[in-house]
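Enquirer: Every letter in the sequence shown is one number past the one before it in numbering that gives the first Met the number 0, and letter 860, counting from 1, is 859.
Don't take each hint at face value.
[Said to hold, decoys possible] No farther apart than 25 Å at their CA atoms in a straight line, the calculated lysine to any residue pairs in the SDA-like style are these:
hint, residue 1, residue 2
1, Lys752, Asn362
2, Lys511, Glu618
3, Lys675, Ala329
4, Lys389, Lys919
5, Lys257, Gly277
6, Lys627, Lys559
7, Lys257, Glu624
8, Lys910, Ala942
9, Lys26, Glu104
These are calculated hints, taken from the structure and not from any lab test.
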Amino acid sequence: MNIKTLLYWHKLENFYPYILQDQHNEKIRSFKILKECDFPDFENPTIPENNCVRYYEVYFGIFTMRSALDVIVKQMDTSQGFCDEIDEKSCFCKFRLNADGRFDETSFKISSFPWAINRVKEKKIDLDEWDKDFHEFEKRLFVQLFEWDEVLDYKKCDQIFERIKSELSWEIEYADYWMRIDRVVGEKKSQSKEQIEAVEEENREIDELIKANDLLNSFYVRDLENVIRNVMNQNYGQALDKYLNHNSDKRIDVEHDKDALFEIFDPKNMPYGKWPSGYSLRSMQQLAVNIAMNEEEYTPVFSVNGPPGTGKTTLLRDVVAANVVERAMALCKYEKPDDAFGRELGTITYNQYNNTIKEIDDNLKKYTMLVVTNNNAAAKNITMELPDIKSICAEYHDKYTYFNEISDQILNRKTWGMCAAALGNRKNCSEFIDVFWPLKKEEDELFDFNRYLRKIQTQKTAVQYKENWQNAKKRFCEVLGEVQIEYSNMDDCYRRLKELRKLYISISEITKKYDVVRDHLDCLYGEKEENEKSVADLEQKLTQAEDRKQEIRQQVLFFKLRYFINSKNSMIVMYKNIEKMKEEYLNEKYEKQDRISVLINQIQDEENTQEQYLKELSEQKSEIEQQKQEIEKFKKEYEVNVPDEDYLMELTGQETPQKYKEAQEKAPWNGKRINKLRETLFLEAMNLQRAFVENSSQMRNQLDAFSKMMRGNLSSTQLDKYAAPLFQGFALAVPVISSTFASIGSFLRYVGKEEIGLVLADESGQAMPQAAAGVIWRCRRVIAVGDPLQIEPVVTIHDKTIEFLKNYYKQSAFIASRTTSVQSLADAANDYIGIRELDGTNFYVGSPLLVHGRCQKRIFDIANIIAYNETMIYNTVDREESVCAWIDVKGQSQNKHFVLEQAKRILPIIKNEFIASWNKNGKAEIPSLFIISPFRNVKAGLAKYYRDNDFLYHEICESNDVECKQNIKKWIRDNIGTIHTFQGKEADTVIICLGVDSGEKENGAIEWACGRPNILNVAVTRAKNNLYIVGDADKWGSKPYFSTAYELCEKCTDIKISVS
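Hey, can you work out the whole structure from these sequences and the hints?
Expert: Below, the structure is given as C-alpha cells:
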C-alpha cells in the first residue's frame, strides 16, 4: 500500500485557500470593517420593520489571495505563471455571534491556509509535526475568543487580530477591510401557520447562503486523516490499493485486441438487466458495461473514457439497471423480506419513538450503489435524469411505476420512479428527507411515504405479506426465466462462434502441417527422381564397363593366363581397374535402389498424411459452413450482431471506415427481442423492490431511523454503530444515491471500509485524485467515467509548494502533476485501456467510448482533431442549417481580458435567439444558448454589461414585461460562464467569447488558454447546432488548437445567424 501518496495529499490540502464569497440578499447585510466606526451596533441594530436579528456571521482577518501567493513566490525564489483569477479574498477564521453579539463557541472554524503560509515564510515546514502544531494554534485562537464572555466589540477583535498577526509574523496585505460581519435578519414569527411556514422556509434559504462560506479548510483533510489511520492499521480493500498503486500489469487494448474483445462479448458477461430506454447500446458502451459488472473477472478499479456526446449517461444507466437486477435475484432467495435483515444491532430512541436497527445481509451489501461527482449540480443532474419519465420508453409509462408519487414531489416534475436521491451536503439531505419522510402528520395534498407504509402494513396480515411478496417474486422470476432462455440461445450461438474460432485455428494449424508435408513430399519426390536418374546413369556405366572389358578380353591373347601371371600388362591393369570401377558402380547402384525403396515408403506415408490432412480440412470446412449457417440463422432470427471474425475485424478497424462505423454503432447480442425482455426484467426488479419495501416491517423501521440520521438527530456514538446499516437499508428502497466528492467526508463519515458495493465516479476528470480516496476506501469497486481532455482539476497551489511536498514524500511526477485527476489515476490503474497521443506523447485512457451524437459535423471535427486523434466517430443527425463561424473582433480589454467590442458584437445573436425561442415556446422559456469564455473576468464583464440597468432586457423587449425581465436575468446568471459552468451540459447554440486585449499586454493569458486542448474542447462541444467563436483572429487564430478551429470555421466580420 502506497501510504506516502495519502500523506502527500493530506499535506497538500492544507495549502488550498478558502475563498470568501460576497452576499447579495436583502436579509443579509455585510459590515466591512476597517475602523471602529464600521463596526455594527449589536444593542440597537437598524433593521427593517417586523424583522429581528437572527445571528451574526463573522469573518476574521481578511486578506487578498494575490498577496498570500506573492509571499510564496518570494520565499521560494520563483515566479508565478498566469492564473485565471479575480480579486479573491480569504480569512483566518470564522465564527458566529448570537443575536445579542455574544460568541457561539460551537461555530468556530479556522483556516489552515494562513498558518501554512506562515510555515513557508518562516521556513519551518517540519511535516512530521504539522498536524500537532496546527491544532495547537487552532486551540490558542479559540481560547482567545471563548474566554470573552461579553458582547464582542471592535477593541476586543482588534486585540485578537493583532495577537494573531504577531504570532504568524503576518505581513501579508489584508483587503480593504480586515473583518466582515454578516448580519442575518428574519421576519418576526406570527400566529398564522402559513406565515410561520413561509418565514421558516425563507430562513432556511438564507442559512444556505451563509453556509456557502462555511468551510474554511479543505473538504478532504479530515477524511484523508481517517483513511490514513485505517491504512496504517492494514484496514483497507482492493479498490483503494489498486487506485493508489495505479500501475496495471496486464493492460488490454480493447480497441485492437480481437481475442480479448471476443471474450468480453461472451453473452454470459452481458448483464441480464438493461435500462428501459428502447435503444441498443453501442459496442464500446456494452463492452464497458460487461467489464464493469463482471463478478467472475472482478475489477476493483475500472475506468471509462467518455469524450463529449459519446453516451456516458446512457452507459451509467445500464450499470444501474444491471446492479438492480442482480440485487433482485439475491432478494428472491428470501422467503420473506424481513429475512434480508440479520442480527439486531441496538435501538434508537428519539422523541419517545424507538427504532430497532438490524444489520443488512452481507449478500445485499455489495449492491449498495453511490454516484459521486465533482460538483453539486452534476450530482443533482444524475438523480434528476434517472427518475424522469422521459428516461424510459413511452410504452412502459402506464405499466410500470416505483413510488413515483414521491419522486414527482421531490423533483417537481413527471417521473416514473423514486430510483435516485441527491444527498451528500446538508441542504440536499434536508430537502430530500423533508419530502421523502416528512415530519408533518396532518393530512394534506402531499404523498407521505411513512404514513403510506404504516397504513398498508397495519392493514395486512402475515399471510397477505407473504402472498404479496411471493407474487412479486413469481412475476420477476417468470421474466427472468424468459431472459435466461434467450441467453441460453445466445450461449449456443456463442458456443458455435467459439467452435468456429477453434476450427479456424485448427484449419490454420492443419494447413501449416499440410504445407510442411507438401514441402517434404516435394523434397522426397525430387530426391527419388535424382536417385532413379543416378541408377539409370550407373546402369549405363556398368554396361559401358562390361563392353570395355569384353573388348580387352578379345584384344589380349591368352587373357586368362596373363590376367593371373602378368599383372603389369597395361591392358590387364586397365581391365582390373574397369572391374573395380564396375564393382563400385554396382555397389552405388544397390545403395541408390535401397534409398529409392525407402523414399517410396516415405512418400507413401506422407501421401497418406497429406490425404488425411486434406480430409480433415474438408471436414472442418464443411463444419465451418454448417456452423456459419446456424449462426446466420440466429443473426437473422434475432436481428443482432455477433462477435464473429468479420465483426471483430470491422470493430478493430481492419476493414473499411464504413464497416468500422457500423460495427461501433450496435453492440453484439443487442437484438430487439432480448433487449425488450432485459428492460422488462429491470422494471420487474423495481416492482420486486417495491414489494420488498411495502412488505417489510423492518424496512420501515430502518427508513424511519435513516430519516432521523439525515436530520442530525443521532449522536456520534449512534452514528458509529448504525450509519452503515441505515445507509445500506435506504439503498434497498432508493437504489441510486448521489453526492459530491467534497461531501463524502461528512455524509459518510461513519461508514466504514467496503460498506458500499459500487461507486460510479462521474465527470471524474474534473476531480483532484485525493478527492476520491475516502469514497474508494469505503467501496468494493469503483467505475470512473470521464475524460482527461475536458475540464481538469482546479489546482490553486503554487508550483514550488507542490514540488517541495512531492520531493519530501518521494512522489512521481504523475501524482504531483496539476493535470492528474481521479480519472487519469483510475485510467492508470485500469486493465482495459485505449491508447491516445497528445503533443507527440502516448498515454493510456480508460475503456473508450467512440461514437459521438451531439455536435454538427464541423463542430465535431474541431474537437475530434484537437483532442482525440480523430478517433471519434461522427453519428449526429445532420441539420440543413447550422453555423460554425469565427467572428473577428478586436479591441482593448477592460478589467483583465474583457473586450467591450466583443460583447456588443454578440448582442444580435442573443436577441435573435431570445425572440426565436419566445415565438416557439413562449416567454416562460429561456433560449438554449450559452456564452462561454476561458476567463472569469470576461464572464463577469459580459454579465455586468448585459445586466446593468437591465440593458439586455431593454434591447430585447419593447414593452414592460416583468416575466421577460426575470427570465433574462435568470439567463444572464445561469448561461454566461466559464467552461466549469457548462461541463456536462449542452445547448443548441454556443458563443465562445475569447476576450483579451488586441495589443501585446495579455499574451500570457492566451498562452495559458492554448496550453492544452481542454478549454477549447469543452467549449466547442457544448454546441449541438451552432457555434460562434468571437475573438481577435490575429491573436488567437494561429495558436495551438485554436488554429484548427479557425481553419474549420467560416470567417466573418458580420453576424451570421441561424435559429436552432
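Enquirer: Each hint should be assessed against the structure and marked as holding or not.
Expert: Hints, one by one, checked against the model:
With a C-alpha separation of about 16 Å, the suggested pairing of lysine 752 with asparagine 362 holds against the 25 Å cut-off. About 16 Å separates the Cα atoms of lysine 511 and glutamate 618, which keeps this hinted pair within 25 Å; it holds. At roughly 22 Å between alpha-carbon atoms, lysine 675 and alanine 329 fall within 25 Å of each other, so this suggested pair holds. In summary, the hint linking lysine 389 to lysine 919 is supported, as the alpha carbons are separated by about 21 Å, within the 25 Å threshold.
Taking the CA atoms of lysine 257 and glycine 277, the gap is near 29 Å; set against the 25 Å cutoff, the hint is violated. Using a Cα cut-off of 25 Å, the hinted pair lysine 627 and lysine 559 is violated, with the two alpha carbons roughly 84 Å apart. A threshold of 25 Å between alpha carbons decides the hint, and for lysine 257 with glutamate 624 the separation of about 22 Å falls inside it, so the pair holds. Annotation: proposed proximity of lysine 910 to alanine 942 holds, straight-line Cα distance about 15 Å (limit 25 Å).
A distance of roughly 24 Å separates the Cα atoms of lysine 26 and glutamate 104; the hinted pair therefore holds under the 25 Å criterion.
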